[in-house]
Amino acid sequence: VNLSHTNLSHSDELLLQRHFDGELSSAEASAFAARLLAEPALQQRAQTLQSLRAGFVGGRTHGPRPRPNFAAGVIAAVRELPRLEQLERAAASASQVRLCQRLLLAAALLATVGFAFAAGLIGDERSDTLQAAPGAATQELDRLDAIARRLPPALSLPARPQPAAAQPAVPQPALPQAR
Amino acid sequence: VLALHRQSETPDPELIAAAVDGSEAAFTTLVERYQDRIFRLLGRYCRDQIECEDLAQEVFVKVFRKLHTFQGESAFYTWLYRIAVNAATDHLSRASYRRLRLVDDDAALDHGGDAEAQDPSAPLLAAERIAATRAAVDMLPEKFRTILILREFEELSYTEIAAVLQIQLGTVESRLFRARARFKQALERSYPHLLPAGAEAAAERPAR
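Chains A and B, in that order, give the protein sequences.
Take the first sequence: its position 130, counting from 1, is numbered 130 in our numbering, and each next residue is one higher.
Convert by adding 1000 to the 1-based position in the second sequence; the result is the number in our numbering.
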C-alpha cells in the first residue's frame, strides 16, 4: 500500500515517517529538511501525514478520567487479594477433589463390572456368536435342506456344497438341482 | 502535606521497592502517579467510563501482584503500559467485539481555541475529525490499532513502543507504516472530506 500515492521510494517513505515522528538525529533531520524544501513529492506526502495526525492530536486530551477515590478503590481491591487468592486456591482444590472423586467412582465401577464378568455373574445366556457342536450344526443344516426341498423350484436354494470329508458319519441328503 | 509532597517526588524505583515491602502508601502514590495515563490509554479500548474503571483497576491489581517481578530493565511506565495493553487486548478478545466509541466525544466540542474565533465551524470540524479518527482506528486490526494508539495518542517513541510491545525497532517502524496506510484507507473510505485536497483526489484512485 502506498500511503501518499506519490512516487516516493519505500526508503524515502520510511525516512519521512522517521522525520515526522521525530526519530531522526539532528544531522539527519537537517539534511532531510533541506530535501523536504526541494522535493514537492515529499511535501505532498508530509502534508498527508500531517492531516492524518490532526485527529489524533485533537483526541489526545480526551478520554475517561479516574474518579477522585480511584486509588483508594485499587488499594481496597489489593487488600482483598489474599482472601481472593485463598478462595481461588480453595476453588481449585475443590475442583481437583471433585475430579478425583469422579475418577475413583469410574474406576470402582469398571472394577466391579470386571470382577462380576470374571466371576461369571454376568452370563452370556443369549450368545451372539455362531457356535455349536458339529452334530447340532449338521442337524440344523439338514432341517434347512428339508425346508428347501419343500419349496417350489423357482424359490429353491442352489445346491449346498458338500461338506468336506471331515464329517462322513452324518448322511447328507442331496438337494434338488436348481434350474 | 510535606510528607505527601516528598512522596510525590519520590522516584519510581524507591516507591516500587517500598511497595514490594508492603507499603500501601507507596503503592497508592504509584497508582496516583500513573492513573491518568492508564485511564487515557484504556479509554482507547473501552466503551464507557465504568468499563474503563474496571479494566484500570484490574491493571493496577495485576501490577501489584507482579511488582516483585519488575527488574527495572526498562522504565516502570513502559512495563505498566505493557500490562495495560495486554489487559486491554485480552479484554477485547474476551468481550469479542472490536473497540467502540470512546467515552467522551462531546468534550471534543469544547476545544475550539483560536480557530473558533476565525471560523465558527472550526470546532465542529475538529470534533468530527477526532470522532472520525477514533472510528477509523477502531476499524483496524488490533496490532495496527495498538501501535497507532501508542504512537499517536500516547506519543511514545519507537524505543518505548518496542519496549512496551516487546518487538524490534525495525518491526515498530514497518508496523507503524502499514498501520498508517490502513488508517488512511479507512479514513478515505468513510471520511474523504477530512483529507487534504491532494490526498482527497488521490483517494479516488485505487490504493496499490
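Hints were generated in silico from the structure; no laboratory data involved.
Using N, Cα and C, we set each Cβ at its ideal position, and we do this for glycine too.
Honestly, I wouldn't trust all of these hints.
Covered stretches of chain B, as calculated for chain A (at least 3 residues, CB under 8 Å) [as the list claims (entries may be wrong)]: (1) 1016–1029; (2) 1035–1043; (3) 1061–1068; (4) 1177–1185.
Distance ranges between label pairs, derived from CB positions [claimed, not checked]: (5) S9(A) x R1065(B): 47 to 55 Å; (6) A108(A) x A1025(B): 50 to 58 Å; (7) N1086(B) x S9(A): 54 to 62 Å; (8) T61(A) x R1065(B): 49 to 57 Å; (9) Q1166(B) x C100(A): 19 to 27 Å.
Hints and how they fare:
Residues of the segment 1016–1029 of chain B lying with their CB closer than 8 Å to a CB of chain A number 3, which satisfies the three-residue condition for coverage. Given as covered by chain A, the segment 1035–1043 of chain B passes the check, having 6 residues with a CB less than 8 Å from a CB of that chain where 3 are the minimum. Remark: the segment 1061–1068 of chain B is confirmed as covered by chain A, as 3 of its residues place a Cβ nearer than 8 Å to a Cβ of that chain, reaching the required three. Under the rule that three or more residues need a Cβ within less than 8 Å of chain A, the assignment of the segment 1177–1185 of chain B holds, with 8 such residues.
A hinted range of 47 to 55 Å for the beta carbons of S9(A) and R1065(B) is consistent with their spacing of about 48 Å. Between A108(A) and A1025(B) the CB atoms are about 57 Å apart, so this pair conforms to the stated range of 50 to 58 Å. Checking the proposed 54 to 62 Å range against N1086(B) and S9(A) shows it is violated: the Cβ atoms sit about 36 Å from each other. For T61(A) paired with R1065(B), a C-beta distance near 31 Å fails the hint of 49 to 57 Å.
Here the CB-CB span from Q1166(B) to C100(A) is close to 39 Å, at odds with the stated 19 to 27 Å.
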